[in-house]
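Asker: Next come the chains, spelled out residue by residue.
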Amino acid sequence: MDTQEYERLTEKYLDCIYRVAVNGCNTLADAEDVVQNTFVKLWERTENFEDEDHARKWLIRVAVNECHSLWRSGWKRRTTYLEELTEEPVFSTPERSELYFAVQNLPQKYRQIVYLYYYEEYSIREIAQMLKLSETAVKSRLLRARQKLKGDLKEAWNE
Amino acid sequence: MSKEDKLKNYVQNTYGELHAPEDLRRKVMNMDERNVKKKEMSVGRKLAMAAAIAAVLFAGSNGVAYAMTGSTWVETVVAKINLNGVWQEVEMEGVVLEDGTVQYSTTLNVQDEDSVEFVLISDATDADSLKIAGVGAESSFPEVYIVKDTSITVDNIGVAKEDDKVYFVDGDIKIDITEDMTDGAASVSYEKNGEIYQYEVKEEPGVPGCYELHISSEE
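Protein sequences, first through last, are from chains G and L.
Position 106 of the first sequence, counted from 1, bears residue number 158 in the numbering used here, the numbering being contiguous throughout.
Position 139 of the second sequence, counted from 1, bears residue number 1495 in the numbering used here, the numbering being contiguous throughout.
No wet-lab data here; the hints were simulated from the structure.
Keep in mind that the hints are not guaranteed to be accurate.
Here are the simulated DSS-like pairs of lysine-lysine, each with C-alpha atoms no more than 25 Å apart in a straight line [unchecked claim]: (1) L:Lys1521 with L:Lys1548; (2) L:Lys1364 with G:Lys64; (3) L:Lys1548 with G:Lys109; (4) L:Lys1548 with G:Lys202; (5) L:Lys1548 with G:Lys161; (6) G:Lys161 with L:Lys1521; (7) G:Lys191 with L:Lys1521; (8) G:Lys206 with G:Lys161; (9) G:Lys202 with L:Lys1359; (10) G:Lys64 with L:Lys1359; (11) L:Lys1517 with G:Lys161.
Could you put together the complete structure from these sequences and hints?
Answerer: Pasting the structure below:
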């Protein structure tokens, strides 16, 4: 990929891929590894993207695959340092912080779906295609995630 | 505003505040060829060895992983390792060596040490032949206890290549994963006999035609 196009896509999608990675990993250090590996693959890609949507979905899918690779790697799970586990992002309000940690407490397979559906506003069908899941599986995971969040965020939910 | 819209706003406001750290942005933006090579080298770096006395106990695995070379399947084993008196369950991934044997390895953190790497060598077809390999000769190697033969036969599941296309195959089910495999990995989900199956497929870097498959069950 030429440098100009790489920098344009990186500038545009870095935060998006970082959020996907944070939702797919247990530590911010792992998320940063996922982001770097994803953009290495973008840099090494030789084919052009059909359009912006293709580029965005490709990057998300690569990031999701990188997260899966990390989960598959037994030794990686066991070489997490204590300081990495205590690292936390900072939010402007306690409510937002509460939501973030409620989402992070969801099983990993729910977190990315919550993010892609509510933040990136992808449809159930698009998420199913990106994550290579059936639409039924995406719907059921989203439903379970909502139920869990409803329980964990009772006050905010009922305001 | 509906509760669904409220949750959406809540998620958008929250994640809108989550940005990639500046040092990560800098690293990714400066991804020239030199940096890519450096990154590749760091992945393969050898971790420091630490002396440790441990016992390894093999147990069954809920999520079973397989590596396939030709028609031979080798699972990734789950081992229980007693490290300085503390039992830990670890997944040990199998790598097929040039001589056909399979090397299982994992790395653990040890308090006050960098890490300790456990490497097991096994004949792919004989779990009883598992033994500790001589990595870090100065270490006191753990004993190995095999309580369960973890070899599992899987028929007709694998990855097939036809006419420049890559397919995941389970019996009569054939799923085209060509596009995903250009990224080196794919996830497939399908229904068979009323059950939903989900597999993760990953190509082993540098080993053409060798794929690693993980099965995960749907809830």
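Asker: Of the hints given before, which are not true for this structure?
Answerer: 3, 4, 6, 7, 10, 11
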